[in-house]
Amino acid sequence: MTIRFDKLGVVIAVIVAYAALLAPFATFRANRIVPGQARSIIDALPPTLGPLLLAIVIVGGIVALLRTQLMLRLAASIVALVALAILIGVAGGFLTPAGNTFARVAPASGFWLLIFAFTLLLADVLTRLNLSPWSRVGVLVLAALAIAALLVSGSWDSLSILKEYATRADSFWAEASKHVTLALGSLAGAVIVGIPLGILCHRVEKLRAGVLNVLNIIQTIPSIALFGLLIAPLGWVAVHVPGAAAIGIRGIGTAPAFVALFLYSLLPVVANTVVGLAGVPRAANDAARGMGMTDRQRLFDVEFPLAFPVILTGIRIVLVQNIGLATIAALIGGGGFGVFVFQGVGQTAMDLVLLGALPTVALAFAAAIILDAVIEMTATRRRVVETA
Amino acid sequence: MKAWLPALLRLAVLVLLVVFITNPSWFEPLLKPLTENGAPAIYNQGSLLTLTLQHLWTVLIATVAATIVAVALAILVTRPAGAEFLPLSRSLVNIGQTFPPVAVLALAVPAVGFGEKPTLIALFLYGLLPIFENALTALTTLPGNVMEAARGAGMTGWQRLLKVELPLSAPVILGGIRLSVVIGLATATIGSTVAAKTLGEVIIAGLISNNLAFVLQGGLIVAALAVLIYDGLSAIERYAARRMGQGAE
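Order-wise, the sequence lines are chains A and B. Our numbering puts the first sequence at residues 1 to 388. Our numbering puts the second sequence at residues 1 to 249.
The following block holds chain A by itself, in its conformation from the complex (with noise of 0.2 Å):
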């Protein structure tokens, strides 16, 4: 009998040879921002966990070296995984002295490279198995609530990003908020403008070449010019038009945020929503002109059910795109998770950097992966019905 390796294999077994061996595992810091001191897995766990996890990096790495079933590498993943998750957090407990609180313990390259190695072998156990859009939508909330039950536990408050968080959690949700808020309402604006405005250009077509390159030349200013170009017109509104201010619009802040999310918002739908209804087979628009539909009813009942899974995409675009721009709001006082990025880079405080970009790509994730689910199911049911 030969051993065979998996090619993808190969490099995760790299990945993790270096991490478990070579790199740091934890770096522990007298403060926030003095430059750390690194930690190996087994300087920073007690004598007995220490060992225990990399034994289990160690056959994770095997078990992805070698050609083994599917279920064997998806529970040698999540194990890894999942040990990691709890360890590492073990081991900020282990390296900060007692009563210290000063002290920060942060997850330091090779921990993030383990997580990154199992990740992928999960993930190409996932691709592999083919999943439904609802399993894969289940196996993402079954990560949040994990993920979550770690946060609530308290495991990882002894980690530098949750002593960030400690001392300013009420920000932390009040900026949360601001996020979701800005990333969703210029989507929702978006969608109420956009769509309407494809079916237009769709119809008339002396229009659609105008509309689309103005849209397109809205998205080649740098977001940080149009967050602060924006400033200037609406503090012009909010003193001028009565009613303005009091609904909140100002010349800095949210208001300017909004409306360059919502600009450049509008391309993907309105272009998506042409794109949807020219893909519509003729012959299903001249049967429902035979069947003698009015022009709004073969809008409503024939067009646009065929053309929503191309609009869909069109959303998932905006989603994931309005969410990363969100943080940049931050520049221009709009709130959101960029806040805490810009004053960690200003204060050189990594920690607190991630406190802002590890919620935001999050984020940006499962509304990815929820909105591919959605638009498989659009996607699928079409088909069904095509083929009916």
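Possibly wrong hints are sitting among the right ones.
Covered stretches of chain B, going by a simulated chain A footprint (3 or more residues, C-beta under 8 Å) [to be verified]:
#	region
1	90-103
2	189-196
3	205-215
4	222-234
Beyond 10 Å from chain B on every Cβ pair, some chain A residues (computed) [unchecked claim]:
#	residue
5	75
6	128
7	173
8	192
9	219
10	222
11	275
12	312
13	328
Between beta-carbon pairs, the in silico distance windows are [said to hold, decoys possible]:
#	chain 1	residue 1	chain 2	residue 2	range
14	A	362	B	153	48 to 56 Å
15	A	205	B	25	44 to 52 Å
16	B	83	A	101	29 to 37 Å
17	A	128	B	232	37 to 45 Å
In case anyone wonders, no lab produced these hints; they're calculated from the structure. The C-beta atom is built at its ideal place from N, Cα and C for all residues, glycine as well.
Starting from the structure of chain A, add chain B where the hints point.
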């Protein structure tokens, strides 16, 4: 007369752009009304020309590196030896696109320090995705009969790749490069939040000192660059498509 109008417009934008970045002081009267309390109307903490060139240089390096890596990866996963990686690489590209540029920039700082390097890393990562996606689409949707003919003519794998597959894929790959350049031009401005020397410096200086003239000139230079480069690359793409006999779109 319609045919030359867009070309003339582009030429006007180009001339205006070059004049502005070489002799910004000529435009001072135009921008002066946007400033308050006698603040300078033209960016005065560095030359606009140097910043523009540094901006373009940063985007160029990142795009070249991203093109080489993305095309090489796409070639790898479309060969029989790398076919195993194809589904995974697709999901990785999808996941990669969900990382916000600001997060990538900020997270790269502890690893490589402030300045140009985190910007290059962010631009490189963002540049990879559209090019990889387009190269993958192009290489997996090549006409079957052409590939058959190449095989029938006795071409080796390398010959097929270099003489048939890559030339045929060139227009679509160029489309990906165009997309990543335009994204890169805008993203590079954010790089100035971590002290990279790009045109973002002008915009951020304007935001900090509440000077709208700075924000406007920084934003307009980047937008004009993006529009011109987008059009230029589109023209090259159409030329490549015509040469491949795929006709202009």
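Verification of the supplied hints:
no., hint, result
1, 90-103, "holds (count 12)"
2, 189-196, "holds (count 4)"
3, 205-215, "holds (count 4)"
4, 222-234, "holds (count 5)"
5, 75, "holds (19 Å)"
6, 128, "violated (7 Å)"
7, 173, "holds (19 Å)"
8, 192, "holds (25 Å)"
9, 219, "violated (8 Å)"
10, 222, "violated (4 Å)"
11, 275, "holds (14 Å)"
12, 312, "holds (15 Å)"
13, 328, "violated (6 Å)"
14, A:362 x B:153: 48 to 56 Å, "holds (52 Å)"
15, A:205 x B:25: 44 to 52 Å, "holds (45 Å)"
16, B:83 x A:101: 29 to 37 Å, "violated (54 Å)"
17, A:128 x B:232: 37 to 45 Å, "holds (42 Å)"
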